[in-house]
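**Student:** Next come the chains, spelled out residue by residue.
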Amino acid sequence: MSHHTDALVAAVESDGEVAQDGLTVSQHDDGYRLETPETRHDGLSEDELTEALADHDDYVTNWYFWTTVVGESSPQRRAYLRWVEGADDLSVSERYEALRDGVHREWGQLLVTVSVDDHGERSYDLRHVDDAGTDAEELDPYHEPLAARQLATYDEKGRYRPLKTGANLAGGWVFPELDARDLVEAVGTFYPASVPNWYREQNGSLDVEHWEDTIGRQTGMYSVIDTWNRGDGHEHVDWVAEACCDDSQCVKRREWQYNDETDLDVDGGDGAFPCREPCSLVIAASRKWTRLEGEETKTYEFELTPSEKQQVEDIIEAVADDRIDDIREADVYEGANRYRTRFLRAKLFDDDGNLCGVPTDDE
Amino acid sequence: MQALVIVAHGSHLNPDSSTPTYDHADTIREVGAFDEVRTGFWKEEPSIREVLRTVEADEVYVVPLFISEGYFTEQVIPRELHLDGWDVADWDSDGLSASHVTLTATDVPDKTVHYCGPVGTHEAMTDVIVRRAETVTGDPNVGSGFGLAVVGHGTERNENSAKAIEYHADRIRDMDRFDEVQALYMDEEPEVDDVTDYFESDDVVVVPLFVADGFHTQEDIPEDMGLTDDYRDGYEIPTVVDGHRIWYAGAVGTEGLMADVVLERAADAGADVGDALEVVRERTRTTELAGEQ
Numbered sequence: 001m002s003h004h005t006d007a008l009v010a011a012v013e014s015d016g017e018v019a020q021d022g023l024t025v026s027q028h029d030d031g032y033r034l035e036t037p038e039t040r041h042d043g044l045s046e047d048e049l050t051e052a053l054a055d056h057d058d059y060v061t062n063w064y065f066w067t068t069v070v071g072e073s074s075p076q077r078r079a080y081l082r083w084v085e086g087a088d089d090l091s092v093s094e095r096y097e098a099l100r101d102g103v104h105r106e107w108g109q110l111l112v113t114v115s116v117d118d119h120g121e122r123s124y125d126l127r128h129v130d131d132a133g134t135d136a137e138e139l140d141p142y143h144e145p146l147a148a149r150q151l152a153t154y155d156e157k158g159r160y161r162p163l164k165t166g167a168n169l170a171g172g173w174v175f176p177e178l179d180a181r182d183l184v185e186a187v188g189t190f191y192p193a194s195v196p197n198w199y200r201e202q203n204g205s206l207d208v209e210h211w212e213d214t215i216g217r218q219t220g221m222y223s224v225i226d227t228w229n230r231g232d233g234h235e236h237v238d239w240v241a242e243a244c245c246d247d248s249q250c251v252k253r254r255e256w257q258y259n260d261e262t263d264l265d266v267d268g269g270d271g272a273f274p275c276r277e278p279c280s281l282v283i284a285a286s287r288k289w290t291r292l293e294g295e296e297t298k299t300y301e302f303e304l305t306p307s308e309k310q311q312v313e314d315i316i317e318a319v320a321d322d323r324i325d326d327i328r329e330a331d332v333y334e335g336a337n338r339y340r341t342r343f344l345r346a347k348l349f350d351d352d353g354n355l356c357g358v359p360t361d362d363e
Numbered sequence: 001m002q003a004l005v006i007v008a009h010g011s012h013l014n015p016d017s018s019t020p021t022y023d024h025a026d027t028i029r030e031v032g033a034f035d036e037v038r039t040g041f042w043k044e045e046p047s048i049r050e051v052l053r054t055v056e057a058d059e060v061y062v063v064p065l066f067i068s069e070g071y072f073t074e075q076v077i078p079r080e081l082h083l084d085g086w087d088v089a090d091w092d093s094d095g096l097s098a099s100h101v102t103l104t105a106t107d108v109p110d111k112t113v114h115y116c117g118p119v120g121t122h123e124a125m126t127d128v129i130v131r132r133a134e135t136v137t138g139d140p141n142v143g144s145g146f147g148l149a150v151v152g153h154g155t156e157r158n159e160n161s162a163k164a165i166e167y168h169a170d171r172i173r174d175m176d177r178f179d180e181v182q183a184l185y186m187d188e189e190p191e192v193d194d195v196t197d198y199f200e201s202d203d204v205v206v207v208p209l210f211v212a213d214g215f216h217t218q219e220d221i222p223e224d225m226g227l228t229d230d231y232r233d234g235y236e237i238p239t240v241v242d243g244h245r246i247w248y249a250g251a252v253g254t255e256g257l258m259a260d261v262v263l264e265r266a267a268d269a270g271a272d273v274g275d276a277l278e279v280v281r282e283r284t285r286t287t288e289l290a291g292e293q
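Which chain is which? The protein sequence lines are G and H, in order. Each residue of the first sequence is one higher than the last, beginning at 1 in this note's numbering. Each residue of the second sequence is one higher than the last, beginning at 1 in this note's numbering.
Note that these hints are calculated values from the structure, not bench results. By construction, the Cβ of each residue, glycine as well, lies at the ideal position given by its N, Cα and C atoms. Honestly, I wouldn't trust all of these hints.
As the list claims (entries may be wrong) - Taking lysine to aspartate or glutamate and the EDC-like style, the derived pairs with C-alpha atoms no more than 20 Å apart in a straight line are:
1. G/K288 with G/D213
2. G/K157 with G/D130
3. G/K309 with G/D321
4. G/K157 with H/D16
5. H/K111 with G/D207
6. H/K111 with G/E72
7. G/K298 with G/D361
8. H/K163 with H/D187
9. G/K347 with G/E334
Said to hold, decoys possible - Going by beta-carbon spacing under 10 Å, a handful of chain H positions derived as facing chain G:
10. M1
11. L13
12. R29
13. S47
14. V51
15. W91
Given the sequences, and given the hints that come with them, work out the whole structure.
**Tutor:** Printed below as a string of structure tokens:
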């Protein structure tokens, strides 16, 4: 008899009934009753109950996992773990069949795989989605959830990632066998507060704070951003969202809008978990844009060949899409190629770095 | 269940900014004084706005890893934590004496939040400055023959900033351990640029009262004191400047003993930290005590 069964029988004895995901075991005057969607046994002695439970191993270990291992102490952790294995969508039989092969879920750029072994114990594998098909032996193994902190700090090129949910998480690592608690810790270390906010959204209690509210509460050096809102539309915030919050930049799904009544014209994306308000990066960038956008436009006259105009556009595209490092050194067919760009500078800049010799400000 | 939440500034540009916060959180996690230890940041994640919802415990001790009372501890952090009914008057502070208040936060109404004063103004911080001097000189008994300079920003942005510097400089002076103790500032007299003018001792330990190493502690101060013409070239410890050996310690906040001050703040607010204070004080020592070989 497994310790799972022992624990279940003890729980029935003390509580009169246990129930989990279709399994109900209860104590009655005529003995124990065991029910699953597939079977029902009445009037069982303790030995008969134990014997009957042996034929329902999956139900027993499932009960043990959710009751004893996960418990109720953190509703958000429990909800997340249930979502990971689709516990509210699949019956125990269907779920265990899937769990024996491994059930996958994507969470931003993370791939969670939960599987169950012959003893009904769950184990979680956590890795970068791009490493889905890679043998775990080829990845750097980690076991402590807090190791995620270092893995999340630098991108593949070794550059600091100021935004944990930036779409530039580096791969090459694996947490091959986390337990349930450590899985949620690791996920929360890669993507802080993503689980609590997702859980609130599931419950319909996500406290979204829209642009106007978030900007309105800023003080000190960020209070100036409020002056960018002039009551004449929200095009400027559309640009902010397109620049910073697009799925190509951040894995969160933007739920904040201009205000309670006015949605932005830009799509919030398809992220698994929500973004509830403009983040500190958006705020810091918006302060700069508030200053820049306070300038009046001015007419400059430049002479460019059609290809040069196209090339300026190519360079902007390449920087905006972070493609610079993908452009091969000798690929002079790319406008943002380094030699092409250096040629453009050699030809068009004066000694002070002015395009076509045209000064930026009046002299 | 009780949780410790350390809140700090963090940075969009400098990955080292959050390092001390994580290090001290790890130290405290290892001694097991709290069921949970979390970190939250103004510029990193989780944001201070969302850190409380990452906490499971119902008693939460929030300790700001900031040097002085002021804009962040009085306005930004309470606002971002959604502290309900926060009034800075409840701290009843003269700029140095904020200890803690107990409130709730509107986004986690079932939790009790003990909001503590900043680490920088706690009396235990004085010991961290001294420990920093021990670490940088490699001498657990450093003092005799040495001068000690405590360096701060100055009052340009926050008058309490200078108060904290003076407070610790006075306390170290009262220890009679160093031959000379002087408070110096980056943006006002007496300026750190002229450090050698203020000391007669041949050896001077310079400890900046900053939470993390960054622009000020790694670039400005070393160049201002003449340790190097260009911070990128680095400098020796000690470096001889105008006939004085300058032992430049870098940000005091990187000293392991800072974890002790975080614990002190939480303990003052009522957290049960058991023997964690003694354990942390010993574990974070990197120099050998006199008589111990």
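**Student:** Now look at each hint and say whether the structure bears it out.
**Tutor:** How the hints compare with the structure:
1. Only pairs whose Cα atoms come within 20 Å are accepted, and G/K288 paired with G/D213 is accepted, the gap being roughly 19 Å.
2. This hinted pair checks out: G/K157 and G/D130 have alpha carbons roughly 16 Å apart, not beyond 20 Å.
3. Pair hint G/K309 plus G/D321 holds up; C-alpha atoms about 19 Å apart against a cutoff of 20 Å.
4. Note on G/K157 and H/D16: the hinted pairing holds, with a Cα-Cα distance of about 18 Å set against a maximum of 20 Å.
5. Distance check on the hinted pair: H/K111 and G/D207 sit about 17 Å apart at the alpha-carbon level, within 20 Å; holds.
6. Restraint check: the Cα-Cα separation between H/K111 and G/E72 comes to about 17 Å, which is no more than 20 Å; the hinted pair holds.
7. Among the hinted pairs, G/K298 with G/D361 is consistent with the structure: their alpha-carbon atoms are about 10 Å apart, no more than 20 Å.
8. With a CA separation close to 14 Å, the supplied pair H/K163 and H/D187 stays within the 20 Å bound.
9. Simply put, G/K347 and G/E334 have alpha-carbon atoms about 18 Å apart, close enough for the 20 Å limit, and the pair holds.
10. For H/M1, the suggested interface contact is upheld, since its CB lies about 8 Å from the closest CB of chain G, less than 10 Å.
11. Given the 10 Å rule on beta carbons, the hint for H/L13 holds: about 7 Å separates it from the nearest Cβ of chain G.
12. Restraint check, H/R29 versus chain G: the minimum CB separation of about 8 Å is within 10 Å; hint holds.
13. Interface restraint check for H/S47: the shortest CB-CB distance to chain G comes to about 6 Å, inside 10 Å, so the restraint holds.
14. Interface restraint check: H/V51 against chain G, minimum CB-CB distance 7 Å, threshold 10 Å, status holds.
15. A least Cβ separation of about 18 Å between H/W91 and chain G goes past the 10 Å threshold, and the interface hint is therefore violated.
Of the numbered hints listed earlier, the single one contradicted by the structure is hint 15.
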